[in-house]
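**Q** Residues per chain, in single letters:
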Amino acid sequence: MESRLDRFTYDDAIVRKFVTATIVWGVVAMLAGLLLATQLAVPQMNLGLPFTSFGRLRPLHTNAAIFAFAGNAIFSAVYYSSQRLLKARMFSDRLSAFHFWGWQAIIVAAAVTLPLGFTQAKEYAELEWPIDIAIAVVWIAFAVNFFGTIAKRRERHLYVALWFYIASIVTVAVLHVFNSMALPAGWLKSYSVYAGVQDAFMQWWYGHNAVAFFLTTPFLGLMYYFLPKAAERPVYSYKLSILHFWSLVFIYIWAGPHHLHYTALPEWASTLGMIFSVMLWMPSWGGMINGLLTLRGAWGKVATDPVLKFFVVGITFYGMSTFEGPLLSIKSVNALAHYTDWIIAHVHSGALGWNGFMTFGMLYWLTPRLFQTSKLWSQRLAAAHFWVGTVGMLLYIVAMYTSGVTQGLMWLAFDKTGRLSYPDFVETVVRIIPMYWVRAVGGALYLTGVLMGSFNIFMTWRSRPKTYEEIIVEAAPLGPDNLPKRAEPTALEKAGVHVFGRKIDYFTEANWHRLWERKPFKFTVWVTIAVLVASGFEVLPTFLIRSNVPSIASVKPYTPLELMGRDIYIAEGCYNCHSQMVRPLRAETERYGEYSKAGEFVYDHPFQWGSRRIGPDLARLGGKYPHLWHVRHMENPRDINPQSIMPTYAWLLSDDIDFSVVQQRVDAMAMLGVPYGDAVLTAEKTAREQASLIAREIEEQRGPAGLGGKQIVALIAYMQRLGVDIRTPVAEPSSPTANANKQGASK
Amino acid sequence: MSSTSHGDDHVYDGIRELDNPMPTWWVALWFVTIAFSYFYVVHMGEDGSGVLDAYKVAVNEQAARDAAAALALGDVSESSLAVLGKDPATMTQARAKFVSTCSVCHGERGEGGIGPNLTDRYWKNCEGDLVGIHRTIDLGVPTRGMPAWGKQLDPIEVRKLAAYVGTLAGTNAEGGKAPEGHEVAVRK
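Which chain is which? The protein sequence lines are A and B, in order.
If you're matching positions, the first sequence starts at 809 in our numbering and goes up one per residue.
If you're matching positions, the second sequence starts at 3 in our numbering and goes up one per residue.
Here chain A stands alone, though its shape is the one from the complex:
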């Protein structure tokens, strides 16, 4: 019927741009990571400057690795493969350009604002609200461009790679919008609309699914295109694709609460997060199996082709980390691993092994084609990259497993009288510093591999033709979708005998799915429903059921000065090293004090529970030390504790509190429902009074004079407030019975 063929070209220029950005940001992200790794071994590497201290740079590293490096890699894959799988040029070259430049501008904005301390303090979602809006706009442009291309496709059915792209684009949009809801309190300052338990829940619903829909599903799509291409082998199983795609999309969403085991999150949510993580194991492995079995008959090629080497190790690491994920989500395992370097090992086996190696496998296959050079500059250098990278990665993760398990066990260890074996936190830090060195060496090796790869790709680019040839593609346009008619029912079926059998056959042969693949709109709607239904089951009860956050009458809002101090705590990124969440484990309550209750966090916009204890938990810090201890400690932690690896924060003693914004911030909190009452009218005055009171107390403790207007005072106000609202009345010096029970004093 259709004799006329369309003639068109693919837009490879945009893919070349994304590829370049992938490499550049990859190097930047890993350089930042290497600096951070050395800072943990040698605190002087923080350089004593605000902009280079660990707490501010760590978000830069994670954001650059996830959104700049992996992000641009995903876009390279999507723009290259979608055009070919759909037999259509991208919907709009302008939208493509807007997407590219918009995304790079966002990355630059992140690289500027994060070191300056502008942050929302939610992991992997730190960027302040104007940048959040820009992300949403650019993402929508990307979505329009992508779905527009689907609309004008010349291929009837959507291939499995595209299913994964669809799921990623839809879900990332949903996650970003709902987690980033914040009320601005200035141009680069905002407060999460959620507080405490709910904020934590939303954050890890987001955080976990950022791993799912930014670092997993797009890379599975990438795998489904580039792996069979490079191996020149057919994909193993269509049915496996269907089953693991839908189960992954549906089940992943539930797993977020496993990041919050033993916290003040209600236990039902934690349990849901755990069991769905366990049930996620096989759906995740479906992708690994389909990838590895696609290589049947091509294993000989793996020995010689660096592209396949990277893919095989990448997919194997995917399998390892998706086994480890369910393992870590089991509560009792999590009790040991949470807050330790085990988690750092886990994410890096995912990021370096799966994302990094899949990206470089793709780049080595793609760049000779994009630069039209017919082959890579050096196969041997690519193979060397593979080995250096693999060794680096193994050193990295083995060091972090060792460090994580060591420190985790030390935290939990009791002597035979039931007292902590390592009551001094710093002992557990000193023990793992050798592992920090091994990690830094491993990371440096991995980065060396990446530099070798960048050089190889640069040299490949140099031998490109003067002008790229525009390759004309021919394909028939799609006519109206005339679905094949169902066969006329036979006499037996009319009699009802075979109807059931035919229905079963229709279902098990996945014919229904074959239909969906012809209907992108319907397909996308079902993906969206799968994601939203699963989210709704957890999100709605967390917000609507009052008993999830039992209120505590003695918990009061932060004073204006404490709020300012909290903002300094957030800006300095203290949450990157300190948790504020004592778990109900005796090893924690002995070390830190009473375990944390949901009702304590109702005014915490955003929550600050943290995820890694590089330093001790701070949930019960209030009143533990005199003000002067904090002054000296922030000025130079090693004056107090020679073995501390905390950065110095001397600038807090000289930088002024910006009292002019106090009112604005208290107003914003009041607008979020924090009951400030009349205090909201005199916020600045109240803050100044409390500041001079604390400054006077510091002087009385024979500390430095004149700190009244300095940031340290606000921070101290906040720190001295931490965890004191539910403190049980302490024995006054005059009551001799206080220790009667413990010491058997019988007076």
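Derived from the structure by calculation, the hints contain no laboratory data.
Don't take every hint at face value.
In silico lysine-lysine, DSS-like type, Cα no more than 30 Å apart, as pairs [to be verified]: (1) K126(B) <-> K153(B); (2) K58(B) <-> K1364(A); (3) K1139(A) <-> K153(B); (4) K58(B) <-> K1139(A); (5) K1183(A) <-> K1037(A); (6) K1047(A) <-> K1037(A); (7) K153(B) <-> K1405(A); (8) K1327(A) <-> K1047(A); (9) K1405(A) <-> K58(B); (10) K99(B) <-> K1224(A); (11) K153(B) <-> K1364(A).
Fit chain B to the supplied structure of chain A, relying on the hints for placement.
**A** Below, chain B without anything else, positioned relative to chain A:
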């Protein structure tokens, strides 16, 4: 494997898609994880199976251990602490512990720093009696920045430290911090 092939209709940009059956072990393991999840939820719904229940059990076990240890150790009293203070060997050990644990805030000789001077006759949190000093070390004074060392140190060690601090009173270390708290004229 012609039986597993779809034919031409499953080809995308040259990538052919087979339709091999799903590995049996994969399907089986998946059912195992689902069954595990079902039984886990049913079990965790039972009373006493939650995280907080396990915590309470651990706390009670420790209370029993502490009670037994307390009975074995005998009373904390002025006289029992004073006895410790008179033994030079015990005080040498206590001094070493003081330097490693307490000197950050109270100075190496007890002259004070972040925390108050322990070598004058002024006391903030007790009356300068050994039992009071012991209580201050053991339970801390959370509102005034004194940590509860009983959480971290062995009970014997806390007693030795209390006795040692008792020996410092009135030694008026050179360069000591200005007095804080109230004066206690004479100590027994």
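**Q** Now tell me if each hint is right for this structure.
**A** Here's how the hints hold up against the structure:
A distance of roughly 21 Å separates the Cα atoms of K126(B) and K153(B); the hinted pair therefore holds under the 30 Å criterion. Restraint check for K58(B) and K1364(A): satisfied, since their Cα atoms lie roughly 28 Å apart, inside the 30 Å limit. Taking the CA atoms of K1139(A) and K153(B), the gap is about 26 Å. The hint holds against a cut of 30 Å. Restraint check: the Cα-Cα separation between K58(B) and K1139(A) comes to about 17 Å, which is no more than 30 Å; the hinted pair holds.
The suggested pairing of K1183(A) with K1037(A) holds, with an alpha-carbon distance near 15 Å, which does not exceed 30 Å. A C-alpha spacing of about 20 Å is found between K1047(A) and K1037(A), which places the hinted pair at or below 30 Å, so the restraint holds. For a cut-off of 30 Å, the pair hint linking K153(B) to K1405(A) stands: about 21 Å separates their Cα positions. Between K1327(A) and K1047(A) the alpha-carbon distance is near 18 Å, which keeps this suggested pair within the 30 Å criterion.
With a C-alpha separation of about 15 Å, the suggested pair K1405(A) and K58(B) falls inside the 30 Å cut-off, and the hint holds. Proximity of K99(B) to K1224(A) is assessed by CA-CA distance (about 21 Å); at most 30 Å being required, the pair is judged to hold. Taking the CA atoms of K153(B) and K1364(A), the gap is near 28 Å; set against the 30 Å cutoff, the hint holds.
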